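Visitor: Please build the complete structure, drawing on both the sequences and the hints.
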Amino acid sequence: MAEKIKVAVAGNPNVGKTTIFNALTGARQKIGNWPGVTVEKKEGTKKHKGHVLEIVDLPGTYSLSAYSADEVVARDYIIDEKPDVVVQVLDSTNLERNLYLTSQLLEMGTNLVLALNMSDRAEMRGDDIDIPRLESLLGVSAIKTVANEGGGIEALLDSIVSKTESNPPKPHEIGYGKTVEEKICALEDILGNDTELTKHYPARWMAVKLLEGDENVLSKLSSSNIEGKVQNYLSGFDNEEYEVEMADKRYEFIGALLPQVCTTCAEDVSPSDMVDKVVTNKYLGIPIFLSLMWGMFELTFALGTPFMGLIGKFFGWLGGAVAANIESAWLASLLGDGIIAGVCSVLLFVPNIFILFFAIALLENSGYMARAAFIMDKLMYKMGLQGKSFIPMLMGFGCSVPAIMATRTLEDEKDRLITMLVTPFMSCGARLPVYILLAGTFFGREAGSVIFGLYVLGILVAILSAKLFRTFIAKGQPSPFIMELPPYTRPSLVNSLLYMWNQGYLYLKKVGTVIIGGVMLVWVLAYFPQGVEYGSAESLIGSLGQLIEPLVAPLGFDWKIAVALIFGVVAKEIVVGSLGTLYGTGGGESLSPALLADPSFSPAIALGLMVFTLLYVPCFGAVAVIKKETGSWKWMFFQAAYSTAVAWVLALVTVLVANLVL
Amino acid sequence: MNNKTLNMLDAGQNARVIQVKGKGPSRRRLLEMGMLPGVGLSVTKKAPLGDPVDFKLKGYNLSLRKQEAQMVVVEVTGGVK
Ligand SMILES: Nc1nc2c(ncn2[C@@H]2O[C@H](COP(=O)(O)OP(=O)(O)O)[C@@H](O)[C@H]2O)c(=O)[nH]1
Ligand SMILES: [Mg+2]
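Protein sequences, first through last, are from chains A and B. When the letters of the first sequence are read in order and numbered with my numbering, they come out as residues 1 to 662. When the letters of the second sequence are read in order and numbered with my numbering, they come out as residues 663 to 743.
Derived from the structure by calculation, the hints contain no laboratory data. Remember, predicted model here, so these are calculated numbers, not experimental data. It cannot be assumed that every hint is accurate.
[As the list claims (entries may be wrong)] Cut-off 20 Å, straight-line C-alpha distance, at most; resulting in silico cross-link-like pairs (SDA-like, lysine to any residue):
id, chain 1, residue 1, chain 2, residue 2
1, A, Lys-509, A, Glu-40
2, A, Lys-282, B, Pro-710
3, A, Lys-6, A, Ile-153
4, B, Lys-720, A, Glu-484
5, B, Lys-720, A, Ser-270
6, B, Lys-720, A, Gly-255
Guide: And the structure:
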């Protein structure tokens with residue numbers, strides 16, 4: 001049996017953790033979520049010299065005190081799972097701040113291997129890092145790596161394996177100065193009474209963490225009889241007073257270490273600062289940002305739409321072929337209108353998702369994403385969100401499904417939740433055919449302005465909803481903005497492709513089934529009872545339409561519109577097709593005259609219907625993705641109910657006002 | 663006096679940290695990121711809309727919203743105004 005080694009890859013954000021992880025594991029990766037939170041979990045395995053390494057890519061952290069959901073995940077994993085080896089990836093060009101985390105890992109007594117990454121850059125600017133010296137001073141192994149070129153990866157693997165063969169290190173002690181040390185000693189004394197606890201965790205480390213107010217460590221005491229004593233002791237003073245001293249001493253420790261291992265030619269202005277002079281310039285910053293966003297949007301949807309068209313055509317052809325060749329009508333319908341339509345609506349989003357995530361990977365890896373957040377933050381903050389929320393919301397104009405997935409770039413859970421809940425209000429591409437039909441039919445030359453107005457309405461509803469959610473459900477301020485602007489780098493193609501593939505695969509696996517399920521349900525409703533025309537008044541969906549007619553009657557909608565709206569949940573553009581079916585005209589040219597001829601339809605009702613289509617429950621795809629990304633049915637149903645309620649109210653207002661004005 | 667809070671500085675100015683006021687996680691984060699008494703920094707740029715502001719300290723770029731920058735008391739040490 002090969003021996004299993006648990007390895008965690010930790011480090012500050014943007015230092016190359018994922019690149020190292022990819023280089024270590026290759027494509028053998030498993031992506032999921034950490035239990036209970038929306039933070040992404042990446043695992044992979046690697047065989048090396050008869051050992052099996054089980055490697056986890058931890059989210060980026062600046063320290064081990066819990067600050068965001070990301071950091072809690074990383075810290076808890078290191079504390080609770082006790083990986084056999086922790087690989088800390090460091091940016092060699094910024095050792096001082098990177099070593100802060102190192103100092104905390106050393107205090108914990110983790111079995112530590114340092115990957116001094118970006119060493120190409122460090123060398124280029126003339127840094128000379130004395131590796132053996134660093135190793136002996138800190139009692140760790142250190143390897144120089146250039147992760148994006150695979151440099152040093154073999155040596156890193158060797159080092160990980162040999163690390164497990166040596167004895168675990170003694171926890172490193174940092175002197176915190178007299179007043180703090182007294183407190184640490186007193187806490188150590190109390191902790192010493194519980195030998196079971198100190199067997200698992202070093203007493204000094206626990207004492208330090210308790211002084212820092214670490215909740216995870218505090219919770220470890222809950223089953224111990226010394227908990228009361230510790231609480232009692234801690235409540236005797238305000239531990240925030242010691243924060244400065246503790247951080248200061250750690251930096252002092254680093255400050256004493258650095259000159260011994262590294263000689264740096266200090267640079268006045270880094271290349272990144274030069275680039276930023278243009279990219280975040282007062283006058284150029286926003287135009288550049290908007291052009292890049294426009295480019296990304298165009299790339300995603302202009303390049304994706306032909307593929308969508310092809311996929312739609314292919315499945316249309318397949319459906320037709322099935323209908324023509326299968327005798328049994330119900331089987332043909334099950335296959336054609338049910339299964340094939342379902343698979344089609346899943347695959348339809350795939351080109352967009354792949355292209356968008358490739359573009360996001362490029363922006364993220366190059367370092368531009370942080371600038372985008374920097375540039376947009378003030379505006380988004382006014383809405384109760386933060387800079388990084390802008391991109392998902394913008395993508396929402398294309399398609400809510402990838403847009404909601406794009407909220408993965410937000411670290412703060414509340415920011416992310418609110419962004420996910422409001423993104424579907426941005427009018428997506430699938431709603432446009434509905435506007436074109438209705439506005440074109442009833443508003444003629446004014447159609448353009450009407451459609452523009454709908455887009456604006458969507459944005460306003462998104463902004464107001466974000467404010468509302470921030471006040472009532474995800475209370476508090478948007479997360480504080482304390483963000484590093486990482487140096488610009490040339491994005492790696494392999495990284496970006498892997499990222500794209502992982503996100504696309506995740507979508508197919510987790511979201512696909514929900515969408516197909518939803519489509520099948522609608523098929524059952526439209527097909528049965530046996531013998532009626534598909535989706536007609538006599539079908540279950542027709543009855544359902546008649547049943548809910550009273551609900552939408554105040555808006556002036558009849559049962560036909562109700563049925564079309566139920567179909568629209570499959571995908572909003574289907575509203576057009578199903579109106580075509582219900583009016584017996586098909587989706588083509590003759591639908592417009594049929595609508596105009598129907599006395600129960602009017603421009604006011606058309607306007608109301610467009611507002612309703614814009615705002616009510618997003619399609620199965622978006623709903624499924626909300627379920628997947630929030631990890632909860634609760635938020636999925638909340639979003640569906642909230643948006644439908646908003647749609648109902650605003651459609652009613654629209655119809656009433658329009659009846660007066662038009 | 664020469665003492666200001668970070669949000670009051672202009673791009674190009676240099677300063678030394680005197681104190682980080684306030685409480686809670688934001689303060690701790692600032693300290694952990696190296697915003698400690700005695701540390702020197704400079705203002706590299708402001709976002710096009712005037713907020714957040716980007717600083718250079720300990721060889722890297724850290725951006726703060728003015729709200730967070732307000733927590734840091736500094737003494738101006740020079741640089742172009
Ligand atoms: N020059 C250089 N760039 C690197 C190196 N390692 C990673 N990068 C780049 O740095 C960026 C951030 O890397 P990533 O792995 O996403 O960082 P993470 O946030 O720590 O996971 C990517 O664009 C990488 O291609 C390296 O050793 N040298
Ligand atoms: Mg990463």
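Visitor: Which numbered hints are broken by the structure, listed smallest first?
Guide: none
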